[in-house]
Amino acid sequence: MQGMEISSRNLEAMSEPLRPKQENPRDFLDTDGLLAEDEVMLRDTVRRYVGDKILPYVGEWFDSGEFPHKEVSKAVGDLGLLGMHLDGYGCAGSSAMMYGLACMELEAGDSGLRSFVSVQGSLAMFPIWAYGSEEHKQEWLPAMAAGDAIGCFGLTEPDSGSDPSSMRTNAKQDPGGDWVLNGAKMWITNGSIADVAVVWARTDDGIRGFVVPTDTPGFSAPKIERKVSLRASVTSELIMEDVRLPSEAVLPGVASMRGPLSCLNEARFGIAFGATGAARACYEAALDYANSREQFGGPISRFQLTQQRLVDMMIQVQRGTLVAYHLGRLKDAGTLGPAQVSFGKKDNVAMSLRVAREARGLLGANGITTEYPVIRHMNNLESVYTYEGTNEIHTLMMGQALTGHAAFS
Amino acid sequence: MKVVVCVKQIPDPADPGALDPETRTLKRDVKLILDESDSYGVEMALQLVDAAGEGEVILVSMAPNGERSGLATALAMGAASAILISDPELVGSDALTTAKLLATAVKDQGADLIIAGSESSDGYTGVVPEQIAGVLDLPSVTAAKSIEVDGSSIKVQRQTDGGYDDVTCPLPAVVSVTAGVVEPRYPSFKGIMAAKNKPVEEKSAADLGFDASQVGWAGAGQEIIEVTDAPKRQAGEVIEDDGEAFTKIVAYLENMKVI
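Residue numbers (this note's numbering), protein chains in the order written: chain A, 1 to 409; chain B, 1 to 259.
Same shape as in the complex, but just chain B:
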C-alpha cells in the first residue's frame, strides 16, 4: 500500500508573522512548521499502511524557500520519504498552480491513495485536494473522518453537518481529511533520529516541466486585490433588569426560534 500525503509547511500559528502589504499574502520568510491540519492526514496514512502490513507513506510538499523542518516532523512520525517542490520562482503561486505542481510530483509515485488535509491553516483556500484530483482525473472524496481499504477500493466516512455519509470509491483516489478525526502520534525519539537519514528529493518547477511563466506570480490566475480587517462586532442589545428582564430574553430567544 503506497500512500502519498500532501503536506504544507506554514508559519507557526503561535508566531504568525504578518501580511506583506505589497502582495497581500502571508510573509513566509520565517521558520515554517508542519501544518497541524496535515498531521491528521499523515497519521491516517500511517495507520492505513500499518493495517495493510506493507507499503509506505510518501510526503509531497511545496515550499519556495527550501524549508524542510515541517517535513522532518512528518518523517519523524513515520513517513518513509519526501518530495519537496522548491524553487524561488514559486513565490506567489495560486491554489490551482500549487495543485498542478503537486499533482505532477504525485503522478510518478504510483500511489494507491493520495491524502491531503481539507484546508491549510494559513491560506484556507480549501480547494487544492479537489484540484489535484481534477488534474490527475481521479475520484475525489472530501471531508473524510475515516478511511478503510477494501481490496481495490476504499470505504470512507464523510463528515456532514448532520452526521456522516458512507462512501465507496475505487482506488487510486484523492481523499481530503478533516482536522481532528484521529490523534496524530508524537514523533518518537527513534523516529526523530531516523528522520535525519530519510530521503528528501528536491525538485524545481523546471524539473516538473513547468516554465517560469506558468508558476509564481506570473502564472497566478487569481490576485488578492484587497485585505480588510474583519468588521468589529456590533454592540449587543442591553436589557436592563427591572425584574421582568427574563420575559424579554424569552421573547428574544423565541424570535430567534431557538426555544
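Next comes chain A alone, as it looks inside the complex:
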C-alpha cells in the first residue's frame, strides 16, 4: 500500500513537466518529429505548391481528362523534384526520404501528379542514369531534370503485365549495327506526351533497354481514353513498327530483367509514401466535412459512428506514415530490400483505398462529386493498387521472402 502511495505521488509530481501537448488531429503521433528540419522544409514547400497550383484545379482536370503537363513539368522541375534522388546531370541529389516526402505531398494532390513525377524520375531518368552511356546521360538527364523533356517507361504489354519476362517486343540488330524495334507496350504513363521512351525489348542477348526519341519514324503513342481512374494523367499505348535506332541507343549497363525491375523498385518506394498522402487527404477531407456538416441539430462529428470512422482512418494513415518513414530511413541507410518495398507498396496502397472508401461513405452524397477530393482519390487508387506490381504480386514477393518458395514463377 505504502509503495503504491509513493508511486502515485511521484506520478503527480511528474505530471506537470511531462504533460504532453495536445494531440494534433492531422498528425496524431507527431510523426513530424521524426523528420529533420530540411525534410520538413521540403515537405512544406511541396505541400504549398500543391495547395496553390494543383488543388484548386485538379478536380476540373480530372473531369475533363486533361493534364497540363507543360506547366506542371516546368514547375516541378523548378522545384527540383524530377529525378531528385539521382546525383549529377542537373539532378538534385536528395535523400530517398526527401523523395518519398515529395511523393507524399504530390499524391495528397492527385495520384496522377505523383505518377507523372514517379515515371519521370524513377522509371525514365533512373535507367538512363544507372545503365545509360555518358552520351545518354548528357543528352537527356539535364533536360528531364529541368522538366524541359518528358520521359516514359515501356515495359508492360497488352498480354504481358505481372509476367514481364513474357514480353513480345523485340529488337534485332542488323549487320550495319542498327537496332530495329517491333512490338507494343500498354498502360504507359506519359506515353503520348513523352520526348523520350525507355523501352525494354527482347534481344538475342536477353532483355535490353533502348533510349527511343519519340519522333523516331515507326514510333507512335496513342492515348488510352475512357479511363475512370487517373484522369488527370496521360496513359498511352506505345506502338513500334520497324523503329530503326542507332547501335548506341541500347542501354549498355544491363542485359536482363534486373534492369526494368530495379526501376520499378525505385518507383514502388515512392508509391508507399504517395498513397499515404492520398489517404491523408481523404481523412482530412472527411474530418473537415464531419465538423462542418450539420444533421439533427449539430455537426455529424458528434456521433459515435462518425468518430469511429474518423479514428479508424486516422490510425491507418498514421501507421502508413510510420511505415513509409521507416522505409525511407532504411533506403537511405542502403539496407532496404525489395520485399520490404513490397510491404510498403502493398500495405499502404491497400490502406489508402480503405481510407478513401470510408471517407467517401462519410461524405454521403457529396462524396460522389469531384467538388470534394475523395472520390477522385478513391478512383485513382484503384490504378495505384494495380500498377507497379499488383497487390497480389507484392504479396507473393513477401511470401517468397518468408518461405523461400517463389509462387509466381
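Honestly, the hints are just simulated from the structure, not real lab data. Hints should not be assumed to be uniformly reliable.
What the hints assert, rightly or not - Listed next, with one range per pair, are the computed distances between beta-carbon atoms:
(1) B:K107 / A:E37: 25 to 33 Å
(2) B:T25 / A:A333: 41 to 49 Å
(3) B:T25 / A:N24: 20 to 28 Å
(4) B:A51 / A:D78: 15 to 23 Å
(5) B:K107 / A:G65: 55 to 63 Å
(6) A:R48 / B:G126: 45 to 53 Å
(7) A:D312 / B:Q234: 28 to 36 Å
(8) A:D215 / B:D166: 43 to 51 Å
(9) B:S81 / A:N24: 54 to 62 Å
(10) A:S262 / B:A18: 29 to 37 Å
(11) A:K223 / B:G243: 51 to 59 Å
(12) A:A407 / B:S81: 37 to 45 Å
What the hints assert, rightly or not - Okay, derived cross-link-like pairs now, DSSO-like style, lysine-lysine, Cα gap no bigger than 30 Å in a straight line:
(13) A:K74 / B:K248
(14) B:K145 / A:K53
(15) A:K53 / B:K196
(16) A:K53 / B:K190
(17) A:K21 / B:K31
(18) A:K74 / B:K232
(19) B:K196 / A:K137
(20) B:K232 / B:K248
(21) A:K137 / B:K2
(22) B:K2 / B:K196
(23) B:K198 / A:K53
Just so you know, even glycine gets a beta-carbon here, dropped at the ideal spot from N, CA and C.
Following the hints, complete the assembly by docking chain B onto the known chain A.
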C-alpha cells in the same frame, strides 16, 4: 547590386497562439515562420539582383529567441546571407527600437537598396520601414508595387487607392513593398540544401552598441495599456418581403449613394 531585405519571423498565422495577458503582446515562444508579407520583398530583391546580373540579397531580421527557421525559408529562396539580431534583452522592444536596431545592422552593409514589407502580419504597426529610413536619413518610398533600377536611382510604382504613382528616387533608399505584388518563388530543393551552408551572423544588442536600458521593455517608448475584443457586428436591418421589399432596398441603397 546589393539589396538588404528586412524580414520578420512571426508565429504561424495558421496556429497563432495567444496574447500574453501581462504584456498584452503576442506570445512568441512558438516556432516562428517567415512572415508571408516579407516574402514579396525577398522575391522583389532577388528579381532586382537577377536583372542587374550581379550582386546579392542580404537578410536582416530580429528575433529575441534566436529563431532561424523563417530566415532559412528566405535563404532557400535565394538570399545569400543573413544577419540575425538576437538577444533575450530584446523582448518587448517597440517599433522604434526595432527600427533603430535594424537600421544599425543595415548601416554597415553598404546596401544600394533596403526593402521591407509594408507591415508585418502579426504586429501590423506599419511604421518600421519609414523609421529605418528616418534613422539612416535615407529617402523612403512606401507601398511599392514595382521597382526598376535606373543607374543610381530607382523608378517605383506606388500603389494608391485610385491606381499608382510613378516615383523616382536616388539610391540608396528604403522601399516598403505591398503584399501580393509579385509571386514569391517556392524554395527549390537545391535552394533548401544550399541554405544550410549560408552564413547567418548573430548579433546581440550590445554588438550593435545598444545597452539593456535602450531595448526591450526598458527602452520601449510605447506601452499597450488595454486589449479589447473587436465590437460584435450589430444586427442588420431586416426587411420583411411583403412583395414591395425591393423598393425599400432600392431606397436604402440610394440613401447610401451606391446607386
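What are the numbers of the hints that this structure violates, sorted from low to high? Of the numbered hints, 6, 7, 9, 10, 12, 13, 18 and 21 do not hold.
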